[in-house]
Amino acid sequence: AQTVTQSQPEMSVQEAETVTLSCTYDTSESDYYLFWYKQPPSRQMILVIRQEAYKQQNATENRFSVNFQKAAKSFSLKISDSQLGDAAMYFCAYRSATYNTDKLIFGTGTRLQVFP
Amino acid sequence: EPEVTQTPSHQVTQMGQEVILRCVPISNHLYFYWYRQILGQKVEFLVSFYNNEISEKSEIFDDQFSVERPDGSNFTLKIRSTKLEDSAMYFCASRDPRGVRYGYTFGSGTRLTVV
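Chain order of the listed sequences is A and B. With our numbering applied, the first sequence corresponds to residues 10 to 125, in that order. With our numbering applied, the second sequence corresponds to residues 19 to 133, in that order.
Treat the hints with care, since some could be wrong.
Each computed DSS-like pair below joins lysine-lysine, with the alpha-carbon atoms no more than 30 Å apart [stated by the list, open to error]:
id : chain 1 : residue 1 : chain 2 : residue 2
1  : B       : K60       : B       : K101
2  : A       : K82       : B       : K60
3  : B       : K60       : A       : K79
4  : B       : K60       : A       : K87
5  : B       : K75       : B       : K96
6  : A       : K64       : B       : K60
7  : A       : K79       : B       : K96
8  : B       : K75       : B       : K60
9  : B       : K60       : B       : K96
Worth flagging that the hints you see were computed from the coordinates, not collected in a lab. Since this is a predicted model, take the numbers as computed values, not measurements.
Please take these sequences and the hints and turn them into a complete structure.
In C-alpha cells form, the structure reads like this:
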C-alpha cells in the first residue's frame, strides 16, 4: 500500500523569504500523480500544485514550485517570497494512475507559520 | 471559479442520531468523493461515487455510512447512527471529467460534532 510521509509537523518562515516543505512517499508504481493542498484556518482544502510522475519537469505555479525526485520518491514544495496569507496547513497527497483506484492518500500535514 | 458547496458548515448531533451531510459538486464533474479529517489528524478517504454507484470505499466506510445523489445535483453522505468517534470534519470533493491531472476540488467541509 502506498504511504505519504511529511516529516515536518511545523515550519516557520519570515515574510518575503523562501521555505521548503518536504514530502516523501512509498510506492511500487511507476505512474502516479502528486499534489500539494493548502488548508488555511477556514479549513477549505485548496489545490496548490500538481505533478504527474511521468513528467520530468518540475511543476511551477507562480510562487510555488516543486522539486520532484522520482528515484528518491521525494516531492518537496518550495514557496518563494512568502506572504502572510501563505500561513496554513499544507498536505501532500498521492494518487495512483491505475484505473482501479481513484482516492487521494494524504500525509499528516505541515503547519506553516509566516512571520512579518 | 466553480466551487463545491457543502451544507451545513457545522452540525451538532446526539450520539445515535442520523445525520445527512450535503454537497453540491461542480456541475460538469462526474466523480464525487467524501473524505474526513478527525481534528489534528490527516485527511482520510471514505468513498468515491461515479455513475450513480459507489466505485471505491475505505475500511472506514462501514454499514452505518451511505451515499447517494438523489436529484442530479446534490451528493449526500448519511451516517445512520452516529458515534462519538464520528466527530470530524467531512469534506466533499469532485473531479474534473477531463482527467486527474486537472485535480480534485474540495468543499469547505462540514464540521460534525457528536455529543
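Tested hints:
no., hint, in the structure
1, K60/B x K101/B, "holds (20 Å)"
2, K82/A x K60/B, "holds (20 Å)"
3, K60/B x K79/A, "holds (24 Å)"
4, K60/B x K87/A, "holds (21 Å)"
5, K75/B x K96/B, "holds (14 Å)"
6, K64/A x K60/B, "holds (27 Å)"
7, K79/A x K96/B, "violated (40 Å)"
8, K75/B x K60/B, "holds (17 Å)"
9, K60/B x K96/B, "holds (21 Å)"
Hint compliance for this structure: hint 7 alone is broken.
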